[in-house]
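Those protein sequences? They're chains A and B, same order as listed.
What the first sequence shows, in the working numbering, is residues 1 to 610, in sequence order.
What the second sequence shows, in the working numbering, is residues 1 to 153, in sequence order.
Worth double-checking, as some hints may not be accurate.
With the C-beta cut set under 10 Å, the calculated list includes, among others, these residues of chain A facing chain B [said to hold, decoys possible]:
1. PHE104
2. SER204
3. ARG205
4. VAL207
5. ALA227
6. ARG286
7. ALA289
8. LEU519
FYI, nobody ran anything at the bench for these hints, they're computed from the structure.
Each residue gets a CB set at the ideal place from its N, CA and C atoms; glycine is no exception.
Chain residues, written in single-letter form:
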Amino acid sequence: MSGSMWDTLLRVDLSSRSAQAWPVPQELAACIGGMGYGVKILADEVPPRTDPLAPENKLALSVGPLTGTQAPMQPQSCIVTKSPLTGGILNCYAGGFLGAELKFAGLDGIVLEGRSPDWVLLLVEDGALSFHDASPVLGQGTARTEAYMKERFGPGARTLSIGRAGEKGVAYASIFSETRTFGRGGAGAVLGAKRVKGLAVRGSRGVGVAHPAEFARLAAENMEQLARACAEEFNLVGMFSRVGTGAGMGLVNGRGALATRNHEFGSFDRAAEIDGYAYARKFYTRAVACFGCPVHCGMLHKFRRADGSESWLRGPEYESTFALGSELLNGDPVTLAEANQLCEEYGMDTLTAGVTVAWALEMGEKGILKEPGLPLRFGERSSILGLLERIGERRGIGDLLARGPGRAAAEFGRAALGAAMQVKNSGFAAWMPRRMKGTALAFATSNRGACHKRAPIGAEITGQIDMDAYQGKAGLVKGIQDRVNAIFTLVSCRFHEFVTPPEMYPRFLEAATGRSFGLEEFERLGERIWNLEKLFNLGAGFSRADDALPARCFEPIKGPSSEAAVLEREKFEALLDEYYRLRGWDRDGVPTPGTLKALGLERYASLAGR
Amino acid sequence: MSGPAGARGGAPAGAKPGFVIDPEKCTECERCMIACSLVKTGLVRLPDSRIAIERRWPETPALQVCRFGGCPGQPCIASCPAEAIACRDGYVLIDREACTGCGACLEACPFQAIRLDEELKAFKCDFCAGEPACVPECATQALRAAGAAEEGA
Numbered sequence: 001m002s003g004s005m006w007d008t009l010l011r012v013d014l015s016s017r018s019a020q021a022w023p024v025p026q027e028l029a030a031c032i033g034g035m036g037y038g039v040k041i042l043a044d045e046v047p048p049r050t051d052p053l054a055p056e057n058k059l060a061l062s063v064g065p066l067t068g069t070q071a072p073m074q075p076q077s078c079i080v081t082k083s084p085l086t087g088g089i090l091n092c093y094a095g096g097f098l099g100a101e102l103k104f105a106g107l108d109g110i111v112l113e114g115r116s117p118d119w120v121l122l123l124v125e126d127g128a129l130s131f132h133d134a135s136p137v138l139g140q141g142t143a144r145t146e147a148y149m150k151e152r153f154g155p156g157a158r159t160l161s162i163g164r165a166g167e168k169g170v171a172y173a174s175i176f177s178e179t180r181t182f183g184r185g186g187a188g189a190v191l192g193a194k195r196v197k198g199l200a201v202r203g204s205r206g207v208g209v210a211h212p213a214e215f216a217r218l219a220a221e222n223m224e225q226l227a228r229a230c231a232e233e234f235n236l237v238g239m240f241s242r243v244g245t246g247a248g249m250g251l252v253n254g255r256g257a258l259a260t261r262n263h264e265f266g267s268f269d270r271a272a273e274i275d276g277y278a279y280a281r282k283f284y285t286r287a288v289a290c291f292g293c294p295v296h297c298g299m300l301h302k303f304r305r306a307d308g309s310e311s312w313l314r315g316p317e318y319e320s321t322f323a324l325g326s327e328l329l330n331g332d333p334v335t336l337a338e339a340n341q342l343c344e345e346y347g348m349d350t351l352t353a354g355v356t357v358a359w360a361l362e363m364g365e366k367g368i369l370k371e372p373g374l375p376l377r378f379g380e381r382s383s384i385l386g387l388l389e390r391i392g393e394r395r396g397i398g399d400l401l402a403r404g405p406g407r408a409a410a411e412f413g414r415a416a417l418g419a420a421m422q423v424k425n426s427g428f429a430a431w432m433p434r435r436m437k438g439t440a441l442a443f444a445t446s447n448r449g450a451c452h453k454r455a456p457i458g459a460e461i462t463g464q465i466d467m468d469a470y471q472g473k474a475g476l477v478k479g480i481q482d483r484v485n486a487i488f489t490l491v492s493c494r495f496h497e498f499v500t501p502p503e504m505y506p507r508f509l510e511a512a513t514g515r516s517f518g519l520e521e522f523e524r525l526g527e528r529i530w531n532l533e534k535l536f537n538l539g540a541g542f543s544r545a546d547d548a549l550p551a552r553c554f555e556p557i558k559g560p561s562s563e564a565a566v567l568e569r570e571k572f573e574a575l576l577d578e579y580y581r582l583r584g585w586d587r588d589g590v591p592t593p594g595t596l597k598a599l600g601l602e603r604y605a606s607l608a609g610r
Numbered sequence: 001m002s003g004p005a006g007a008r009g010g011a012p013a014g015a016k017p018g019f020v021i022d023p024e025k026c027t028e029c030e031r032c033m034i035a036c037s038l039v040k041t042g043l044v045r046l047p048d049s050r051i052a053i054e055r056r057w058p059e060t061p062a063l064q065v066c067r068f069g070g071c072p073g074q075p076c077i078a079s080c081p082a083e084a085i086a087c088r089d090g091y092v093l094i095d096r097e098a099c100t101g102c103g104a105c106l107e108a109c110p111f112q113a114i115r116l117d118e119e120l121k122a123f124k125c126d127f128c129a130g131e132p133a134c135v136p137e138c139a140t141q142a143l144r145a146a147g148a149a150e151e152g153a
């Protein structure tokens, strides 16, 4: 082993029900861990045209050098697979405790391939895998499935699971892990296609680092940085620490950038009823954290459901208050919480689910879409919950909507497609490309579709930079994409980078693994991963036409606060050209031979199939 | 541990060991357990931690750690047939050599703060000789050193 890594992945062939420990080859170890491992494994082993739900697709769950250590804000684990939602390569993340437990089990990750003959629960105990009958929980929601696994495998087991949406192949089915979520891109449907209902991990091994004294010093320094950030009134991480990620909704609304009513409007008059402060006032019980995290942005809320029963919800997260709130003209915090619970129960991404529902409601109000026995109206509780349930069950209109907003809308012609707020069939995150030009570019160019994790959101929304300007945004977005890809090899929480100076990452990395990395080399790895993803997507059939935003983004925002905001098509295309140039890609978004050579990716050129 | 007692949020020098615990504030992040296992073993290995979080999700968790002076009657001491547990200057400590691994103290402890290690020897918190490593890690101050808490620190 090298420092905090075991240099071991568990390879699981579900078809033959066999597993073996796989020593990480040196070339893979150079990708650090997490996203670096997942993307390289997929690029090496899964042809880009593979059907995402076929046994030939693989799903890599991995952690990195900071997982399971005392470094703060490193609880996440990463899943990479071919996405059934986008048809491209997917990376998604969940916090909680699963990542650290994998480390304690003596593993840096698990790669699943094939398809189990019967539905199974997988148990990993200190590196050994066993298969268990999943039939007692088949058809059950994620919470019950995980409670069952803890009963069966011990309360100390850390778990992940899918709900009915994953079992039934909803294209944006997610994977839950004890109230944290591998949300985006449909990894839950991949797990379902492999007939894996859940995974439990138990570990008893100790995690060390290469240079303990230096590592402890860095962790203490980082803890102090975080403590200072948490004590600041207007620090984003501080706000998350006090009221959760929903804290920022008022700010976004005030700037006319709160996507409302399927992105037609930029502000919502009921935002103050569903933001983080509203939930804190009405439903707060306590803050709950992920492994080793002093920020504790998870807020545990207790509320009364509309039927009078008492219920708990960790969240909703900010992104969900958009997708299940303002985007649906839903200003009722209880309906929003119940919609969030339905997404948890079924195991669906709240973002793509909400955005798809928003599109369906608009089409319903226009008379283009109908569903017997269900009104389709914005802000209407029965419409929202009814549609989510139908999607989770793939029943009635839900079967169409389960394909994702782009594919569903494409059935109804150009105008309908232009109103589906998606990129590469993945629903928008909670931000308005018309108001935030850097975020517009980030949404369009994201390899996993409409992604907010690699967008200059903080800088644009707080006014550090002019959010309406195009100037300088191409370089900014490229830089964020590369840097965030790099920290997702560790695997750092996205919010960690809000507070931690960039030069700390290579120092952490060296103290953990003993391997020396410069900051430039570290971020260069992020760029290599980005290009490898891009090659995979090109091979899967993507082109410049997929780095595009829906037509609605080029129309003025309705409503009083954002009337000036518009995304101009020519300027946007020029921004995309500039971005491609900075990336060393041609006008079609294909990395040039020179770029691949400079990144050491020449042998992957054929992956793009050109 | 090096450095003056209390420098990292521990108890001031000469203070009796003990914790002030507010489980309502506990976020279940396990930083106390990480710090404890590191200081005792050099590795992050949670079963070695002398403090544990008993989850009662979604209800408030319980912290399993020795309360020292805050424990009424300190029943572990009398429960030990080998007389391996004693209290000196407020430090309730287990003599590892004398421990027979019978488990009587585990039963007696009202805070589930004592466990058996792999060699069947009882182990518990020793308050890190006055500077508990867990305390400064607790971002919400759910866990404080008693002396420091009394001073309002």
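Going down the list of hints, with the structure as the test:
With a least beta-carbon distance of about 7 Å to chain B, the hint placing PHE104 of chain A at the interface is held under the 10 Å criterion. Taking 10 Å as the C-beta cut-off, the interface hint given for SER204 of chain A holds, the closest approach to chain B being about 6 Å. Restraint check, ARG205 of chain A versus chain B: the minimum CB separation of about 7 Å is within 10 Å; hint holds. Contact between VAL207 of chain A and chain B, as hinted, is supported at the beta carbon level, the nearest pair being about 4 Å apart and thus within 10 Å.
Interface restraint check for ALA227 of chain A: the shortest CB-CB distance to chain B comes to about 7 Å, inside 10 Å, so the restraint holds. The restraint placing ARG286 of chain A at the interface with chain B holds, with a minimum CB-CB distance near 6 Å, inside the 10 Å limit. With its C-beta approaching chain B no nearer than about 4 Å, ALA289 of chain A sits inside the 10 Å limit, and its interface hint holds. The interface hint given for LEU519 of chain A is broken, as the beta carbon of that residue sits about 26 Å from the closest beta carbon of chain B, more than 10 Å.
The structure is inconsistent with hint 8 alone, although it conforms to all the rest.
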